[in-house]
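Engineer: Chain residues, written in single-letter form:
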Amino acid sequence: MADLGVKIHELQLKNPVMLASGTCGFAEEINDFYDVSQLGGIFLKGTTPRNRDGNLYPRMAETPSGMLNAVGLQNKGIDFFIENIYPRIKDYNTPLIVNVNGSTVEEYIEVTEKVNELDKIPAIELNISCPNVKEGGMAFGVTCPGAEAVTREVRKAYKKTLIVKLSPNVTDVSEIARAVEGQGADSVSLVNTFVGMAIDAETRRPLLSTVTGGLSGPAIKPIALRMVWQVAKAVKIPVIGIGGIMNTADAIEFLLAGASAVQVGTALFKDPLIPLQIIKGINEYLEKYKMESVKQIIGGLQM
Amino acid sequence: MADLGVKIHELQLKNPVMLASGTCGFAEEINDFYDVSQLGGIFLKGTTPRNRDGNLYPRMAETPSGMLNAVGLQNKGIDFFIENIYPRIKDYNTPLIVNVNGSTVEEYIEVTEKVNELDKIPAIELNISCPNVKEGGMAFGVTCPGAEAVTREVRKAYKKTLIVKLSPNVTDVSEIARAVEGQGADSVSLVNTFVGMAIDAETRRPLLSTVTGGLSGPAIKPIALRMVWQVAKAVKIPVIGIGGIMNTADAIEFLLAGASAVQVGTALFKDPLIPLQIIKGINEYLEKYKMESVKQIIGGLQM
Amino acid sequence: MGKKLVSDFLVTENIALNKTNFLIRLASDIKLPSISPGQFVNIDINKSNEIFLRRPFSVFEVDYTNNLLSIIVKILGRGSKKLTEIQPGEKLSLIYPLGKHFTIPDKKDKILAVGGGSGLAPMLFLARESGLPPENVDIVIGARSVADLVDVDSYRKYGNIQFTTEDGSTGTKGFVTDHHLLKNEMGKYDKVYACGPDAMMKAVSSMAKKAGVFCEVSLENLMACGFGVCLCCIEPTVKGNLCVCTEGPVFNINDLKWQI
Amino acid sequence: MGKKLVSDFLVTENIALNKTNFLIRLASDIKLPSISPGQFVNIDINKSNEIFLRRPFSVFEVDYTNNLLSIIVKILGRGSKKLTEIQPGEKLSLIYPLGKHFTIPDKKDKILAVGGGSGLAPMLFLARESGLPPENVDIVIGARSVADLVDVDSYRKYGNIQFTTEDGSTGTKGFVTDHHLLKNEMGKYDKVYACGPDAMMKAVSSMAKKAGVFCEVSLENLMACGFGVCLCCIEPTVKGNLCVCTEGPVFNINDLKWQI
Ligand SMILES: Cc1cc2nc3c(=O)[nH]c(=O)nc-3n(C[C@H](O)[C@H](O)[C@H](O)COP(=O)(O)OP(=O)(O)OC[C@H]3O[C@@H](n4cnc5c(N)ncnc54)[C@H](O)[C@@H]3O)c2cc1C
Ligand SMILES: Cc1cc2nc3c(=O)[nH]c(=O)nc-3n(C[C@H](O)[C@H](O)[C@H](O)COP(=O)(O)OP(=O)(O)OC[C@H]3O[C@@H](n4cnc5c(N)ncnc54)[C@H](O)[C@@H]3O)c2cc1C
Ligand SMILES: Cc1cc2nc3c(=O)[nH]c(=O)nc-3n(C[C@H](O)[C@H](O)[C@H](O)COP(=O)(O)O)c2cc1C
Ligand SMILES: Cc1cc2nc3c(=O)[nH]c(=O)nc-3n(C[C@H](O)[C@H](O)[C@H](O)COP(=O)(O)O)c2cc1C
Ligand code: FES
Ligand code: FES
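For the record, the sequence lines run as chains A, B, C and D. To convert, take the position in the first sequence, counting from 1, and add 11; that gives the working numbering. To convert, take the position in the second sequence, counting from 1, and add 11; that gives the working numbering. To convert, take the position in the third sequence, counting from 1, and add 5; that gives the working numbering. To convert, take the position in the fourth sequence, counting from 1, and add 5; that gives the working numbering.
Only chain A is shown next, with the shape it has when bound in the complex (with noise of 0.2 Å):
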């Protein structure tokens, strides 16, 4: 067995295969079908300071090689999380990441300061990259200036690993990854979905009650491997690769361009077992290649 330990900042993974926030719901859903504790870590369901409804169904839609969601950070907000879900979950032994929205700075810091305190919570993941709410959101991950005052004062409140989601839905996601570098992030993960929008031609209606939704899957990923390659090359802390994840080959893909760890996310729908089967893949390539530590493809991509 290979070594697929990784390190994403104070974050010690026991491989470099995570779920992705919104994908996996609260953990224990996936661990319905396994062990969750075979996992390098779990980024939990988007969490608000206070009960969001969502959006209005229908808020999916097939696309090709992808699909679209209108979810709309729907979740029972982060005091429900502490009294009932987390005392559940704490004890997984694989880290368990906090999905950290919010509509204005305050509520951000807001729930960073309660996951603050739970002690089996090891880091945050600060979305501001959700294309599927009104206010907040995507707003602040598509300009330098609004990535960076989250950042900032997310910073403050919070002690663990921060690692702050980016969007794709940008000119220069690099720009936007040093800038949030620039203010104590000690790790990116991109990428969130790209907006897209699906018509029914027959009705004349979108497919989505929000009109626009986020795309993710397979037909995003050779667009987040370049996200990944430039922000990887752009900035010194680690990052974390997202979208479009399927099998062994894309995860390494990620990894080689310079991702440390990567998240599976609609994967998780046509199969929860994937991640399983990448762990299980990505220790093959180490050792067909001799390789003692996937530390030795991250970045390894020849030129």
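Because the hints were derived from the structure by calculation, they are not lab data. Worth double-checking, as some hints may not be accurate.
Claimed, not checked - Far from chain C, some chain A residues (derived; all Cβ distances over 10 Å): (1) T74; (2) I100; (3) R166; (4) E295; (5) L312.
To be verified - Beta-carbon label-pair distances, calculated as ranges: (6) B:Y300 to A:C155: 22 to 32 Å; (7) A:D211 to C:G173: 26 to 36 Å; (8) C:G82 to A:K291: 27 to 37 Å.
Predicted model, so just to flag it, every value in this text is computed and none were measured. Cβ coordinates follow ideal geometry from the N, Cα and C atoms, glycine included.
With chain A fixed as given, assemble chains B, C and D with the ligands onto it according to the hints.
Structural biologist: Same frame as chain A, but now just chains B, C and D with the ligands:
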């Protein structure tokens, strides 16, 4: 037969289904399959002032529901076109549009001035969005000042219909659209390809000689459709929709989102007959819903 | 752990019931867990460029001895079409068992099960599993025309099966709600169940509500995951937005926010 | 117009020649145009989520009487694998005829055709169509091992067929270039043709060049369209970057920029 005619500024099209630049050569290759006079129009392969060899092989990588290309505007230059190709194709009974490219504003003007003299070319498409060239191309298309500068100067040099082709690799495409409208563009076409990347996990090398390339095909359709919808709301000039159109429903979706016409690109590689099927399909759609003119569905999205 | 499974099934039969409905029988290598009427499976139809997500189908029959599970697929769009073209010998990946089942009737209950379109399978499964004497089970099946109906004779031993067709080509002419069991005898039932097109379920619910009878319906909201992680399949309820795939697909009509 | 076609073919046979090579025979509804050795077809393998573009395959045999066209498919990756799983009765869309053919030998020419891997089909097609007496046609087929070879006995009537295998399990041990016809008798041919892995074609080209013999090779560059519009398949030549799909796949080695 319903009326399929649409107008792009002074350009009268017999139907709204055209072929995208770089995916239909110089029309002759498609004419080998069928009489191209059935088409709404043909956007010829990107042309520069002088011969360009383009990028090194490999220039192509298949992706989920799409492909990356890194052709890099290989062409023999505008003079070669005028002397050798134009005489052979000029009498095709469908609008032939030259896709104008350059590394500098001066180069764009150079090509434009020469095309301005060609009787049988009723319009140009200003490509400020090619992601596969080191100089010019997309560099102009991702900022308002850049887009404005080229458009302004080319507008001075060109008397007929000026279509500006926009890049999707931006934070706010409607801003760029408004900028070129402000400088006298008669129409905008979008989208060009998304910058993407592909890696061979086994060889650990990029699959394209240029590392990154342009993503096209159905994978990008949801994003392209959203951008067309946004731009159609933002400008008064006609919008031409492009991106992953594979069938009648796709084309109708773009029209509903506000496009006055569409271009079919990568789909031609799968089946060069697709545009004819779409023309037939749009007619059937109009008859099914008892509409007399295709204009009745342009921008007809029900919200 | 192990409450839900992802595994490959072998297609053993694919029988055309009529032009648009197909019975597909699937064999599992591993022992099937207990599955109840109303629960569903999520199937990977990985046969075409255009189909990315799985498609949910209600379980129709389970044979625990031979580890067989069957579904009835009605052709609606691209995925269901492809699925009905599958050949015996091919494999299908299923995620199962998913969702909550119908409330199993009490010993002496009189029940009415109303099915239409793709909602037939769970209604027949329920009739069979109810454990009630057939005279306590009324089943009304609605269709556009006799050509849309499937042969359910083998289910007559589990209940009294009635038909309605919109064109009157067999059974009562009209919608299921035009059937006299619904129009005149709703009050006699202890439990009413419905599965099928939205409009049908709402009409049945409304009649059950008026009659003050317990009524459960099975919703077919669009799903991405089927096991509760994506929050795409939600239905507004008195308890807020609930996931149809985990808190449903079976709902008591009193919990729904339907205007009925 | 009408020089190139897009049309559906019916799969009539799919014969495993060995573990990785399959002969697929396809029937056309419409009359086949004339097709020459070296030309190819571009096939839509629309059977999986992962395959988007068509895949090019050289024509192996054409039967104009029955409008049959066959290809030999070697499993290389996802697309070729899927293609070899096709069943008689299924349909495939082909774009054809594509590319330029080999220079047809003159009446009294002595020719050598060297094939390896997926390059076998056009070499056999050429031998057959050359119209030369068999004693004027030498064919050398290279493979890793006897298990990788396919049965070509029915082609012995068109020429003298020789084998090389890397492991010496049949024929000359080594690469095709180790065969005495290439090592010692290159000078006696009027025309040499090669199709197969790049390294093989380059080695053959280099020997032909040294011997001053006319030599054509058939390239297998990656293609997106196959009919000259995408400019993805280019090969650097003395005339600049040329499209392999329209200006090739057959090239005279003097036109290529190979370091040989
Ligand atoms: C819990 C559950 C149980 C089900 N049980 C059965 C069953 O036993 N038998 C059966 O035949 N079908 C059943 N269905 C419905 C079945 O899942 C859909 O018919 C199928 O997913 C349609 O896929 P498609 O690719 O054919 O349609 P698509 O090509 O994806 O869509 C065609 C059209 O149908 C609409 N559509 C697609 N899926 C649904 C849906 N679930 N509800 C409403 N509209 C939809 C689309 O918006 C589109 O307009 C069930 C659905 C659910 C959620
Ligand atoms: C003009 C022409 C004629 C051909 N004739 C034949 C024939 O008669 N019989 C036959 O078996 N094959 C032939 N080929 C090759 C055949 O097209 C490829 O093997 C096939 O496209 C591979 O598809 P895949 O999906 O199996 O591989 P993929 O899964 O797409 O790729 C697997 C690996 O092979 C590489 N690869 C894919 N295609 C090619 C290629 N064309 N050249 C080099 N590397 C490639 C990929 O980069 C990847 O590393 C021909 C190719 C051309 C261009
Ligand atoms: C249904 C759905 C819900 C999501 N919810 C969230 C969320 O709450 N917070 C977040 O940061 N990202 C969310 N995402 C984005 C994913 O975490 C991921 O960044 C994106 O889907 C791209 O990865 P993928 O292609 O592997 O899915 C969601 C994605 C999907 C599909
Ligand atoms: C191989 C290839 C070459 C292209 N060359 C050009 C070009 O020369 N000029 C241009 O404006 N766009 C070019 N494009 C972009 C297309 O015109 C089109 O904008 C894009 O591919 C999106 O549409 P599609 O998804 O239908 O292909 C090219 C695209 C491809 C795939
Ligand atoms: S379908 Fe994903 S939560 Fe129900
Ligand atoms: S493959 Fe498109 S030009 Fe040759």
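Engineer: Hint by hint, say whether it matches the structure.
Structural biologist: Evaluated hints:
no.: 1; hint: T74; result: violated, 7 Å
no.: 2; hint: I100; result: holds, 13 Å
no.: 3; hint: R166; result: holds, 29 Å
no.: 4; hint: E295; result: holds, 21 Å
no.: 5; hint: L312; result: holds, 28 Å
no.: 6; hint: B:Y300 to A:C155: 22 to 32 Å; result: violated, 47 Å
no.: 7; hint: A:D211 to C:G173: 26 to 36 Å; result: holds, 32 Å
no.: 8; hint: C:G82 to A:K291: 27 to 37 Å; result: holds, 35 Å
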